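**Student:** So the protein lines, in turn, are chains A and B.
Heads up: the first sequence at position 584 corresponds to 584 in full-length UniProt numbering, and the numbers run straight through without jumps.
Heads up: the second sequence at position 117 corresponds to 117 in full-length UniProt numbering, and the numbers run straight through without jumps.
If you're looking for bench data, these hints aren't it; they were derived computationally from the structure.
Note that the coordinates shown come from a computational prediction; the quantities given were computed from them, not determined experimentally.
Each hint should be verified, as a subset may be incorrect.
What the hints assert, rightly or not - BS3-like cross-link-like pairs, simulated, lysine-lysine; straight-line CA separation at most 30 Å: (1) B:K74 - A:K469; (2) B:K170 - B:K132; (3) A:K548 - B:K74; (4) A:K548 - B:K142; (5) B:K132 - A:K491; (6) A:K469 - B:K156; (7) A:K469 - B:K226.
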Amino acid sequence: MKAMLSVIKKEMRLIRSQRMSMALIIIYPLIVISALGLAYGGDIQAVRINVALYIPEEATLGPFDSAKIFSIIEDTNKVNLQRAYSEEQAKDFVRVGASDFALIIKEEKTQTGQIITDLVLDNSNFIVSEMFSPIAKAAIQLTSFEVSSRIIQELWDELLPIKDDLQQELQKIDLYLVDLDDAELKLDSLDLSLQNIDIADLRGTLDSQGETVQAISTVLMQLNSNYDSFKSDIAGTRTSLDNADAKLDSYHAKVSEQIRVAREYRDSLVSYENNLQEIADRPETPPSVRADILVLKEQVTSTRQRMDSSIAELEQIKADIEESKEMIADMRQDIDKIDSLLDSEKQNLDRMNSALGQSTGEISQINSELGSIGETVDEIDGLIDSSKITKQDVSSKMRTSKAMMNSFMSTIGELGQLNPAFLAKPIQAFERNLYEEITALTFITPMALALVLLLTCLLFVTVSVITEKSEGSHLRMRLSSTGPTTLIFGKIVGQMAFAFLVAFLILFIGVIGFGTAMQYNLPEIIAVVALASFSFIAIGLFITNFAKTQATAILSSLIVILPMIFLSGTVLPLQLMSPLLQTVSNFLPLTIANKILLGVLIKGVPISYYLKETAILLVPSIAMIAYTIKRF
Amino acid sequence: MPESVLAATEIHKAYGDQIAVNRVSLSIGKGEILGLLGPNGAGKTTLARVLVGLLDPDFGKMSYFGREASPRQKNVKRQISIVPQEPSFYMTFTVEQNLLFFASIYGLGRSEAREKADYLIKWLKLTGFRHKRAELLSGGYKRLLNIACSLVNDPKLVFLDEPTVGLDPKMRQLLWDKIIELKNQGRTILLTTHYMDEAEKLCDRVALMSDGRISVIESPYRLIEKFGGETILIFKLDKSVDQELIEKVQQAMPGITPRSVQSNLVLPVKQADSTKAIVKISKLVEESGYKILGSIVKEPELEDVFLNITGSAMGV
Numbered sequence: 001m002k003a004m005l006s007v008i009k010k011e012m013r014l015i016r017s018q019r020m021s022m023a024l025i026i027i028y029p030l031i032v033i034s035a036l037g038l039a040y041g042g043d044i045q046a047v048r049i050n051v052a053l054y055i056p057e058e059a060t061l062g063p064f065d066s067a068k069i070f071s072i073i074e075d076t077n078k079v080n081l082q083r084a085y086s087e088e089q090a091k092d093f094v095r096v097g098a099s100d101f102a103l104i105i106k107e108e109k110t111q112t113g114q115i116i117t118d119l120v121l122d123n124s125n126f127i128v129s130e131m132f133s134p135i136a137k138a139a140i141q142l143t144s145f146e147v148s149s150r151i152i153q154e155l156w157d158e159l160l161p162i163k164d165d166l167q168q169e170l171q172k173i174d175l176y177l178v179d180l181d182d183a184e185l186k187l188d189s190l191d192l193s194l195q196n197i198d199i200a201d202l203r204g205t206l207d208s209q210g211e212t213v214q215a216i217s218t219v220l221m222q223l224n225s226n227y228d229s230f231k232s233d234i235a236g237t238r239t240s241l242d243n244a245d246a247k248l249d250s251y252h253a254k255v256s257e258q259i260r261v262a263r264e265y266r267d268s269l270v271s272y273e274n275n276l277q278e279i280a281d282r283p284e285t286p287p288s289v290r291a292d293i294l295v296l297k298e299q300v301t302s303t304r305q306r307m308d309s310s311i312a313e314l315e316q317i318k319a320d321i322e323e324s325k326e327m328i329a330d331m332r333q334d335i336d337k338i339d340s341l342l343d344s345e346k347q348n349l350d351r352m353n354s355a356l357g358q359s360t361g362e363i364s365q366i367n368s369e370l371g372s373i374g375e376t377v378d379e380i381d382g383l384i385d386s387s388k389i390t391k392q393d394v395s396s397k398m399r400t401s402k403a404m405m406n407s408f409m410s411t412i413g414e415l416g417q418l419n420p421a422f423l424a425k426p427i428q429a430f431e432r433n434l435y436e437e438i439t440a441l442t443f444i445t446p447m448a449l450a451l452v453l454l455l456t457c458l459l460f461v462t463v464s465v466i467t468e469k470s471e472g473s474h475l476r477m478r479l480s481s482t483g484p485t486t487l488i489f490g491k492i493v494g495q496m497a498f499a500f501l502v503a504f505l506i507l508f509i510g511v512i513g514f515g516t517a518m519q520y521n522l523p524e525i526i527a528v529v530a531l532a533s534f535s536f537i538a539i540g541l542f543i544t545n546f547a548k549t550q551a552t553a554i555l556s557s558l559i560v561i562l563p564m565i566f567l568s569g570t571v572l573p574l575q576l577m578s579p580l581l582q583t584v585s586n587f588l589p590l591t592i593a594n595k596i597l598l599g600v601l602i603k604g605v606p607i608s609y610y611l612k613e614t615a616i617l618l619v620p621s622i623a624m625i626a627y628t629i630k631r632f
Numbered sequence: 001m002p003e004s005v006l007a008a009t010e011i012h013k014a015y016g017d018q019i020a021v022n023r024v025s026l027s028i029g030k031g032e033i034l035g036l037l038g039p040n041g042a043g044k045t046t047l048a049r050v051l052v053g054l055l056d057p058d059f060g061k062m063s064y065f066g067r068e069a070s071p072r073q074k075n076v077k078r079q080i081s082i083v084p085q086e087p088s089f090y091m092t093f094t095v096e097q098n099l100l101f102f103a104s105i106y107g108l109g110r111s112e113a114r115e116k117a118d119y120l121i122k123w124l125k126l127t128g129f130r131h132k133r134a135e136l137l138s139g140g141y142k143r144l145l146n147i148a149c150s151l152v153n154d155p156k157l158v159f160l161d162e163p164t165v166g167l168d169p170k171m172r173q174l175l176w177d178k179i180i181e182l183k184n185q186g187r188t189i190l191l192t193t194h195y196m197d198e199a200e201k202l203c204d205r206v207a208l209m210s211d212g213r214i215s216v217i218e219s220p221y222r223l224i225e226k227f228g229g230e231t232i233l234i235f236k237l238d239k240s241v242d243q244e245l246i247e248k249v250q251q252a253m254p255g256i257t258p259r260s261v262q263s264n265l266v267l268p269v270k271q272a273d274s275t276k277a278i279v280k281i282s283k284l285v286e287e288s289g290y291k292i293l294g295s296i297v298k299e300p301e302l303e304d305v306f307l308n309i310t311g312s313a314m315g316v
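Using the sequences and the accompanying hints, generate a full structural model.
**Tutor:** As structure tokens, this is what we get:
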């Protein structure tokens, strides 16, 4: 127990003996509490958030055009508006952080006429997006309410005068109705007269029938003429066929005779041929004579062959003649049939002629009756004309009333088109995430990377330098012929190598382990990791100018690190802090590193967009390094 | 006087009211070992740090290798080095890694650095520890490594700050041998120490420093001769020394003041006369009926010189 008390006392004395550490121990909680208080001391109700608003030029919301819609939203006093001129531009404002969310009004509307609005939130910081979502929705609701109120008021103002106009029109309509009644009576009387008459139609029909009869008569006369002509042709054809048949018989007989003669001649040739051969075969026949006999035999054989061919041709001719005779017989039968049909049609033609003669007589009778009716119709015409004039007058007046009523209808129609759903909620907002397929873990990766880089770079370099100083190797480096600039920058680059290793590990785990969807622009990733780590290392080196021991160095580092974490927006959104603190925070290295890492790694914002932030990081870093080199 | 390697004139360094180095002037010749001897807090280390460029003097001039220059100039840095009192290297690196790194920051190329490292490792008998982490070395070998790290740039002027503090005799001797070898290689050495024997053994000249000032710069022999005082002879006798013997000794050697301390006869004599005095007194004592059981001859040392010059002992 005594020994433990002794150790306790020793420990306290040890800490007290290190004045710098003592001072830091006292200052440290003050700084942390202050940082926390400042960070958490904001008033969310007073927060005005930045909104990028895109309205198509042609968009309307009830009676309001796009410019009016813009001013209505602005008047809600909940948001700071920034006009975008395309959907993509609005999203880009959110992506680069110029706006907290985007309101994108679509050209298409719902079936009830509500305008469709996308409320695009930057889900890269889900705390911010969760916090701003109610504010954004409140702004939309206020806008909806404002629009509904205005629309209803305007309609109401338009409907009131309509009532007086309608009263006047009703009186006019009563007068029109009286005029119409008079006209109707007149027309009724006419109607009785004309009920059973339809002269025009009759006349038309009669004329049409007369023409038809005439046409038919003409055709019938033509047909009669054709019949006689056909009969004459048929007789002529019959005679021709008989002549042809007789000729064919004559040819048939000749050919048969020719065939008989040719056969006889052929048989002679065959006998002659055999005889020649026999002579040639005799042994006593001299060779020269044999040769001549054989030549002769050849000639006889050739002649015999030609004769065979002629006989075959004559046989073919005979067959053709017989075939022709059969064809003539068929043709005779066809001609007989046609003749019989023509006689039948002639009988029909005679019957039709008789009927036409009767129709012509009836048409003449009807025409004479129509003459007396015509006088009556003329009288009626006069009455109809006067009725027409009356009717035109009434029509004109009715058109005027109609136009008036149309305008009333149009106004009422507009009202009818205003769906109650639209009036109650003219704006239909749909919440969308700017990064659709990305999880919260995706956005945590760059924040984790920034934090780890801050901790490792800052702490490693301070511990490394203090260790060198305590081990004495720092002294040797000071004495060497290598200048402090080279030594310091060599240390920075060496530390940055480990920073890259750490960064690689985190990104590897983020991508493989958590499926972080990253923008793989390797040069920009290298540049941003180098920038962040360079900045943090510079801070660490700066601290080593004032810290003599490792404990002091680490405490000093933590005094820098912890407030930076609270004030950088890592734990709580920047928007909750006072404007002054937000301004300060925007200059903190961790805030800037977070912003650039998130932008380059996840959002795909090119690093060239962050020139200002890069300068804010680099300039103080270079100043701190220059000071460290001077004090080396 | 050999060619001057370092000449410091009126070097002054104070920390507030505390004057660490008070208008010190010295010069070191080529190939010389100059010892800076003094007690702890005399300002030796401060002076060495000023001369090597680790501290800026409040005023004073320095010249190196015959030219006025600052020790922070690159061309001067390449030629000078300091072996600090405390180990000054990377504890987590091996012996070889330390040497190669420090060689590289002096601008040596890879092969040259390796050659140098190999030589130093061999020369300082660190061969068996080449691949051992420095933190695992014993105190003595750490000192050797310290020296090796300071020699990578082949300096012409070496500052050794208390090189043998805390070492066992064997290691001390080894270090002394190496320091002498360094001198034999033609290097110039400024050695700060509070060990008299070390200063006597190694230094060509010794500067006595106390309270920030250098009292005298001279060779050890000359310092002892001039400022060392007398040799003390002590005879241990078999019985108490009486007054009669004292008078006889006074008569035999006028000018000396013998005294008795129990049964010891103590005589301060001039160093030059010490041998003669021993013979004479021994004979006289025996003739007086005493038996000499033993004798001690205490020669003057640098400590005595220091005491005589500064009025205080080294340890005070």
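**Student:** With reference to the structure, classify each hint as holding or not holding.
**Tutor:** Hint-by-hint comparison with the structure:
Of the supplied pair hints, the one linking K74 of chain B and K469 of chain A holds, its CA atoms being roughly 22 Å apart against a limit of 30 Å. This hinted pair checks out: K170 of chain B and K132 of chain B have alpha carbons roughly 22 Å apart, not beyond 30 Å. Using a Cα cut-off of 30 Å, the hinted pair K548 of chain A and K74 of chain B holds, with the two alpha carbons roughly 27 Å apart. The straight-line distance between the Cα atoms of K548 of chain A and K142 of chain B is roughly 24 Å, inside the 30 Å bound, and the hint therefore holds.
A hinted pair counts as satisfied when its Cα atoms are at most 30 Å apart, and K132 of chain B with K491 of chain A qualifies at roughly 24 Å. Under the criterion of a C-alpha separation no larger than 30 Å, the hint pairing K469 of chain A with K156 of chain B is consistent with the structure, at around 26 Å. Distance hint between K469 of chain A and K226 of chain B is unfulfilled; the C-alpha atoms sit about 44 Å from each other, more than 30 Å.
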